[in-house]
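**Student:** The lines below spell out each chain.
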Amino acid sequence: MNENEINEFRSDVRAWLNENKPATPSFLLPETFMEVGTDQQFEFLRRWQQTVYEAGYLGMSWPEAYGGGGQPQVMQDIVNQEMAAQRVPFVPNTIGLNWAGPLILDMGSEADKQRYVKNILSAEDIWCQGFSEPDHGSDLGNAQVRAVKDGDEYVINGSKIWTSLGSYAKYMILIARTSNEGPNKYAGLSFFLAPMTAPGIEPTPIKKLTGEFGFCQTYFTDARIPADCMLGNEGEGWSVAMKTLMYERGAVGGQAGGLSMMDLNINDIIELARRATRNGQPAIDDPLTRDELVKLVLEAKGNALMGSRARVPALGGTYPTAVAMSGKLRSSELKRKMTRFAVSLQGANGARYISDDALDGGKWQRSYLNSFSGTIGGGTTQIQKNILGERVLGLPKS
Amino acid sequence: MIRFSEEQAMLLDTAREFCQKQSPIAEVRRVIEAGQPLDATLWQTMVDLGWLGVTIPEAFGGLGLDLADTVPIFEAMGSQLLATPLLATTLAAQVLITNGSEAQKNQWLPKIAAGQIATIALTEANGSWETDQITTHLTQAGSGEMTLTGSKTFVLDAGVADVILVSALRDGALCWCLIDASEIPEGAIQREVVIDETRRSYSLTLSDVPIRADQILPGTAFQKIELAAMLLITAEMSGGLEGVLAVIVGYLNTRKQFDKLIGSYQAMKHPTVDILMGAEMTRSYLYHAATVWRDETDEAVIEAAVRMAKCCASEHFSEAGDRGIQFHGGFGFTYECDAQLFLRRALWSQYQFGDDRHQRQKLGALLF
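Protein chains in written order, with the working numbering: chain A, 1 to 398; chain B, 1 to 368.
The reader is advised that the hints may include incorrect statements.
Said to hold, decoys possible - Below are the PhoX-like pairs computed for lysine-lysine, each with C-alpha atoms no more than 25 Å apart in a straight line:
#1 A/K301 - B/K260
#2 A/K243 - A/K118
#3 A/K301 - B/K224
#4 B/K362 - A/K295
#5 B/K260 - A/K397
#6 A/K328 - A/K208
Hints are computed from structural coordinates only; laboratory data are not their basis.
Model the full assembly from the supplied sequences, consistent with the hints where possible.
**Tutor:** What follows is the structure in structure tokens.
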């Protein structure tokens, strides 16, 4: 695409979003796919994904044969940028769009692609993820859910936890143990595209610290799933699972696009500090609050600059992997601090919660409580620090 | 945005290699012990490397590069705690380049490029970082004659300087006065005790010292000089953070307690990772500030970038030094432990040209 075509496309997208962006609903929307707690929220977001897909703005670079747009990735990038700029809602089928879809396009059979890909894009089929288990939070390789082959089926027993959208999902990307043999714990794992409709699979909603529902514990009791829904070969589950982490945003054939969460950045906090009041004055005018705000700005900007420096190899320094390996730790901790600070800007009203009386409907209080999903999920901050200490600084194992 | 050229990368490599060779920690201690105002041989080597002329315009015998191009040199010096008159001399050269008349530049810049030592006298006894608190002043004494009176402190390397640039009030406005060392009265320069023992710091007490009109610089830029000092000290601090982190990691990987290497305890490991993150962020802010210094023209943008860098470095380097002592246990309480050298350096650096709290105050006004 040349410069003119790009500009023209961008203004088309902008116009379309202006026209079709859904009005803010009467209820508080979730901020990520992990926070969808009511049917009302889910239906609203699913409808939005359908609208975006039907307009041709989702899966733009995926093959046309499977429901994609067959367009250059740059177009999807533009759509994503405009969506972020206009603060439109996220598209909820995150696991399908970012993990399952790219995986199926990469290593699925022709039949898999025909069967799954289009419905991922249209939100007809919602996908969830069955990786974590109750007793093995951060230790994925130790998964204990059993899958035993019986004829042309596998019989599944055990339970998975933190299944976001579990109650709405038609399929799950599932890691289960097909063997206890092999040289290490990873060798016995296999990967399935499991139908959630099979008898014996029960997603049970878990109430979160926010008081809302948002994910499930999924129980498997002699659940029978077809053997041909295995992706890769038996025993290759670990490497398939690791692949899902490599489909980065912006790569051709990678993630389908659209927003997967409502972005929170430091400017939102500065804006809130001007708007919220402490003791009758804008919070930003209070010198102590101001000092805390500068600290947060410095952390946010510093994080961004670390990424910028990591792109200059000559400035890699003694520990060239430190920046890349600490991204999750830094961004999740920053988000926790920002949302916690946002609550503190509100004076006595900091004590309110989701209700019409609360500033922005109680969004900041809820955001703060939800921010722990980032500092706990995907390896807690404490585990991240162990990993950085051991793999980057070379300290002995704990 | 951070830009770093191949020339800068080469300078960084050269400087690191030089400083590692010239200033191992035993040498740092020997220099402190000897207490000499100058290591003339080392200084000559640095002159020969051309480091004094990096920022001096070609017309005056230098390389004519930007001040930001010296950042890798100061970072490398900082990591080895190498203190030389390069900091003071580079800053004094900046005063001349920014504010000096052609005659003043002609007289001094070629000499500085060739190795003469210069310094600046800014801070006074009240310890203020604000130039509006300066009380040193010029008084009209007869026709065309003036005299300079006042006391300065934290004047680096004044004891070996060939020229000192002194800030003073003239009719209520700040200006720079250039004083040749030969014109400074006996006893006016006294060594003073500072927390960082690698620094040679002096007080300068002037009482009715005659000043001719041609000793006063026509330019009156002060903030640019303060920001230059912050940038270079931040570079030293970034290096210092790397240095103290190496000391800590080294100890955590060798010292055993309760039959285990202490680095295996999360109580040590996690805060050490925090120090690593602080060091990585400081270095990012440093080279961002260097990029902005070179490429930006908007003074407010430059000021914000430099203050953010100084703020980040001050906070994280002193915290790293503080934890460095604690993690060495009883040994950390002794003079023998190298962590104290870094903590003392961190404190000196933090309190020169504005600590982190001061920078945040300034940034609040710049950002919001």
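**Student:** Hint compliance check: list the failing hint numbers for this structure, sorted ascending.
**Tutor:** Per hint list: single violation, 1.
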